[in-house]
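Make the full structure from the sequences, and use the hints.
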Amino acid sequence: MLLIECPWCGPRDEVEFRYGGQAGVAYPKDPDALDDAAWAAFVFVRDNPKGPFAERWVHSAGCRRWFNVVRDTLTHEFQK
Amino acid sequence: MVQAVPREPGRLWRNPEPKPAYDVIVVGGGGHGLATAYYLAKNHAITKVAVLERAWLAGGNMARNTTIIRSNYLWDESAAIYEHSLKLWEGLQAELDADLQFSQRGVVNLAHNLGDVREGMRRVHANRLNGVDAIWLEPEDVRRVCPIVDVSPDKRYPVLGATYQPRGGIANHDSVAWAYARAADALGVDLVQGCEVTGIDVGAGRVTGVRTSRGPIAAGNIAIVAAGHASLIAGMAGVRLPLQSHPLQALVSDLVEEVHPCVIMSNTVHVYVSQAAKGSLVMGAGIDAYNSYAQRGSFHVIERQMAAALELFPVFARAHVIRTWAGIVDVSPDASPIIGRTPVEGLYLNCGWGTGGFKATPAAGWVLASTIAKREPDPLALPFALERFTTGALIDEHGAAAVAH
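Chains as they are written, first to last, in this note's numbering: chain V, -13 to 66; chain E, 15 to 419.
Heads up, a few of these hints could be off.
SDA-like mimics (lysine to any residue), calculated; alpha carbons at most 25 Å apart, straight line [unchecked claim]:
| # | chain 1 | residue 1 | chain 2 | residue 2 |
| --- | --- | --- | --- | --- |
| 1 | V | K15 | E | G406 |
| 2 | V | K36 | E | G208 |
| 3 | V | K15 | E | V253 |
| 4 | V | K36 | E | W70 |
| 5 | V | K66 | V | G10 |
| 6 | E | K33 | E | S384 |
| 7 | V | K66 | V | P(-7) |
| 8 | V | K36 | E | F313 |
| 9 | V | K36 | E | T212 |
| 10 | V | K36 | E | P357 |
| 11 | E | K292 | E | V273 |
| 12 | E | K62 | E | A35 |
| 13 | V | K36 | E | R254 |
| 14 | V | K36 | E | M250 |
| 15 | E | K33 | E | N57 |
| 16 | E | K101 | E | S189 |
| 17 | V | K36 | E | V216 |
Rather than coming from a laboratory, the hints here were simulated on the basis of the structure.
This is how it looks when you write it as structure tokens:
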């Protein structure tokens, strides 16, 4: 089980959290300008790296706040 | 049901050095890659084919799945390809002249609440309209099919009924891979192990070859059949895929007496269990939530699936877990695979099978081989093309996938 450092509550077991996938995916600035392919890329395609990955978690069984971390998807280590 | 395990055979395939060029390169030597190579040679007489495997044959998800075979999917597109697969399974031992321990012992999907019952009954009707064998079981029928399931009404999650596909079952994963490998090798396919693809060369919008840990190899057709690593390899050609890689865990018990006559799956308490030919209980559940390539997951996932198994099967209380593991599965947004062409000419995909690729091994190879040989999507593969994420024609099988994503 991962030990996840909540920025507000400190290190807690993974079961207290929900996963939010890739961090920093911004909503399109000008949605009307997007064609179908651009919408498909925004809705369905996310990075899937083998290595460091900026991702979101929510402390759903704790303070219920979202935060970002960088975690290595090969070693599961969180970067400080 | 506990069968004699076949003796280990001798050398089944050559171990060739890679040639400078092939007509088709299949990246990934798992079940799907080996089946693709076999059907390219067998159905289409394309034999200048190499399967490039970075480690050893069938050592990834082919060695890590729970070997369940069924075709009781909801939508027409899925029923068509999975039923084609099941029909191929039914003739596969004779075709490949191999004992695959293929056992059509029936697959039961349990319903534990009104939503499950309605979804299950709907799926039974949809299956029957598509020519897939499907029966609705009442709780007493479930007990008749599988006497060790606790169907008492006072459970926290009582069994209210089930879908039943009698032609579903299990097979031995290693035997399947080895049989396809032997047959492909005999038809002239080069199975190159210890050969990691490190780059894909693209010129004027089409593939020209791959770079590997054993040097460059030229080919006009490259098929990515690499499961959890598919998006990384497609990325080498500049193609982004709607896939996320997650661990999917499974476990086996010690060898126990013959107690479990079929395959039981439950979405709601969430576990699926069968008993392998040698006697071990094989079970799995949902993916771990986070992205990972580590081939291991978190223990609470194992703990919860064992709790689910004990809820359904009180008799399992005395079994012991002897091994747990994880494979890296490539999960797509609609829990359906991605098969066919890419924006890069000559670059083909077979990926996104997520948690349910083993059952599709024969059909995946069949339709990908046809797509490559004819240079147009096989009719069974057409609905699963990458374009569906742009057109919006998704094939949402989260219900029938029976594994939480």
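- Message: Checking one constraint from the list: CA of V:K36 to CA of E:V216, max 25 Å. Satisfied?
- Response: 23 Å, holds
- Query: Would the pair E:K101 and E:S189 pass a check requiring their Cα atoms to be no farther apart than 25 Å?
  - Reply: 18 Å, holds
- Take a quick look at whether V:K36 and E:P357 sit within 25 Å of each other, Cα to Cα. Since the Cα atoms of V:K36 and E:P357 sit roughly 23 Å apart, the hinted pair holds (cutoff 25 Å).
- Query: If you draw a straight line from the CA of V:K36 to the CA of E:W70, is it 25 Å or shorter?
  - Reply: 20 Å, holds
- Given the hint that V:K66 pairs with V:G10, does the C-alpha gap stay at or below 25 Å? With Cα atoms ~18 Å apart, V:K66 and V:G10 stay inside 25 Å; holds.
- Query: Do the alpha carbons of V:K36 and E:R254 lie within 25 Å of each other, as the hint requires?
  - Reply: 14 Å, holds
- Item | Restraint check for V:K15 with E:G406, where alpha carbons must lie at most 25 Å apart | The hint holds at about 22 Å.
- Message: Just to be careful, I want the Cα atoms of V:K36 and E:F313 compared with a cutoff of 25 Å; is the pair within it?
- Response: 22 Å, holds
- Could you grab the alpha-carbon distance between E:K33 and E:S384 and see if it respects the 25 Å cut-off? 24 Å, holds
- Item | Pairwise hint evaluation, E:M250 against V:K36, where the allowed Cα distance is 25 Å at most | 13 Å, holds
- Message: Check the hint pairing V:K36 with E:G208 against an upper bound of 25 Å on the C-alpha distance.
- Response: Within the cut-off at roughly 20 Å; holds.
- Query: Between E:K33 and E:N57, is the straight-line Cα distance small enough, at 25 Å or below?
  - Reply: With Cα atoms ~23 Å apart, E:K33 and E:N57 stay inside 25 Å; holds.
Checked against the numbered hints above, the structure breaks none of them.
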